[in-house]
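K.L.:
Generate the whole structure from the sequences, applying the supplied hints.
Quick note, the sequences are listed as chains A and B, same order.
734 is the number that our numbering gives to position 330 of the first sequence; each next residue is one higher, with no gaps.
532 is the number that our numbering gives to position 128 of the second sequence; each next residue is one higher, with no gaps.
If a hint is listed, it holds; no wrong ones were tucked in.
In this list, chains with the same sequence are indistinguishable; a pair is considered to hold if it fits within one copy or across any two.
Here are the simulated lysine-lysine pairs, DSBU-like style, with alpha carbons at most 35 Å apart:
1. K729 with K649
2. K649 with K473
3. K702 with K570
4. K610 with K570
5. K729 with K570
6. K473 with K692
7. K702 with K729
8. K649 with K669
9. K473 with K723
10. K653 with K692
11. K653 with K723
12. K702 with K723
13. K473 with K436
No lab work stands behind these hints: they were computed from the structure.
2 protein chains.
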Amino acid sequence: MLTERQLLILETIIDDFIHTAHPIGSRAISTKESINLSAATVRNVMADLEELDLLEKTHSSSGRIPSEKGYRYYVDHVISPTIKEREINIIKNIIQDNIIEFEHIVQLSAEVLSQLTNYTTIILGPNEVDATLKQIQLITLSSQTAVAILVTSTGHVEHKSIPIPKGIDVSDFEKMVNILNDRLVGVPIVNLAHTLKTEVYELMKKHIKEYKLMYEYIKSVIRYDEQAKLYVGGQSNILIQPEFKDVDKIYEFFTMLEDEAEIIKLLANQHDGLKVTIGNENEIEAIKNFTLITSTYKLGMNQLGTIALLGPTRMEYRKVITLLKSLSNEMTDLLYLTLNK
Amino acid sequence: MLTERQLLILETIIDDFIHTAHPIGSRAISTKESINLSAATVRNVMADLEELDLLEKTHSSSGRIPSEKGYRYYVDHVISPTIKEREINIIKNIIQDNIIEFEHIVQLSAEVLSQLTNYTTIILGPNEVDATLKQIQLITLSSQTAVAILVTSTGHVEHKSIPIPKGIDVSDFEKMVNILNDRLVGVPIVNLAHTLKTEVYELMKKHIKEYKLMYEYIKSVIRYDEQAKLYVGGQSNILIQPEFKDVDKIYEFFTMLEDEAEIIKLLANQHDGLKVTIGNENEIEAIKNFTLITSTYKLGMNQLGTIALLGPTRMEYRKVITLLKSLSNEMTDLLYLTLNK
DNA sequence: ATTAGCACTCGAAAGTAGAGAGTGCTAACA
DNA sequence: TGTTAGCACTCTCTACTTTCGAGTGCTAAT
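P.N.:
Below, the structure written as structure tokens:
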């Protein structure tokens, strides 16, 4: 357990470093209003904190910077969320003024969040595992092309244009749509293929001429795109941070962001609530120099998605955590309001 | 008009510079197999080409680099598209193996193009000005929320989730959908609002209880999102280019890419066919250091979209132009095949 | 326990020197 | 007359050195 003095100095150093990105010396701390100690005394405390692995030096005679453990301590013990009403209101207003389209809200939130924080925002869109099929439609555009549209109970719309194989009679299409709507509506998205095989196939045999061909066709239609919607906002913000002087680092960062599969994996596994992962605590190699803060937003009992902020370990934790918490609450409320009443 | 020798040397210098990004000296040119001249002679020719503003020096005793005018000359006079079958086949195969969803094809093409060229690809999706409404649907998710789905004749699907205002009777919804499908199908997308007002409004008066409320509601539904689909691929590729040593430049570039409105403006105004815009020929300040190559792809008579490549003025023009031409042809063919037969 | 003083360390910035690539010009050559 | 070899000159790039200052740890005094 740290003494009060140690805690005060640790906090002051981290706060300072978060804003300057330069190592903090003992003199700079001792001149602070809140601290009535000489530089020498501060040096002693700093040495203690270094002994505890909460601070580091970049070289033998440099000032101190926080270690990852230091940040962790700071996040766990020091931060008392000071709510910045102004910024939260910005988000509230923007969201409420734009109740138009669900996915639009998510995107917008990402942008606003990124602007307010100057970090990169990643939003993993609604996870549809619990959704059921609300309606399915096949619309023929020409004798050779059709558009398939699937609507889920959560209001998500999936569509594909697919060429109609030769041999399938257009008149069979309507029959088919009726059968599908009769049998598949209400079925969980993830079970569609299975239900098609067990329940619908026999029916098709009776009513559809080229039922084998049609079956293969429908199978490809309902193959639900597992791929979650990913939205990344404010990528360029990361370039403002002074730790990105190096083009190699920038390249690494952007390449990482382009690997959607990896990011989805990263975000999909987050548990409920807010989580801060600092530096090497991250499992993915490419972001071991970053801090990732994730927060989930929900609809009723079903987890829907994840909002994340990605920035240097030197992050404005206080501000960011407050904002993120408030945003995911706001979105949860809003989605609940929009979709569930 | 340039002499044959001048042309040869200009071409050789540009070719070289495109790959090395370093100023080219006279000796380097004279040792080339294709050139049987001494360095001194080459120097004389180079001085002539500089006089013509086709080459530049970075400082008084440096080698030469192409000027923007030089690139322009190179693009207009020198390039004889040497088709790289291998790369074109890569694109062909990828496109043909994935005839699933129209927008998917566009995205995929952007990715492949970016990988093959190492530049940033921007694709401006289908411009739907000539499309007509194929079908409209309103699906109620709950007593308070509905999803509206619009399908166009080109197979484009637009959807929105919209809260149902209090006062609208759910039973009126079906009537409404019937009226809409009866009267709006076949109407050009851009005229929907007008037709709704002139033709549908009167009908609504007769059949719908809260027709005023419903009218406002439907109006918001059919407000077609003009916003074209923009897809940017391979952003990080630009970082490979040696001219991007400078973080400021990188920042400028990415900020520009994030300004979608600006980019859409840039690409939407392109005429048919392939167009190369070098450096200061670009109207937008932020890309005056870049070359933009655009190519349109079409469906029948209607222009559909624009594919663009953005890279340093030192660009592999030969390769890029060939690829882009072939890709837009390929996409034109494919879309024609998919949507129009 | 706290602080002032001091010698020491290290990195960042500025200055210096030399090497190398390239040019333009002149004079010789085919 | 067009081409080439030779040479002095220019400018950048790199490596090395020097200097400066911020910061530390230790010791001794308060």
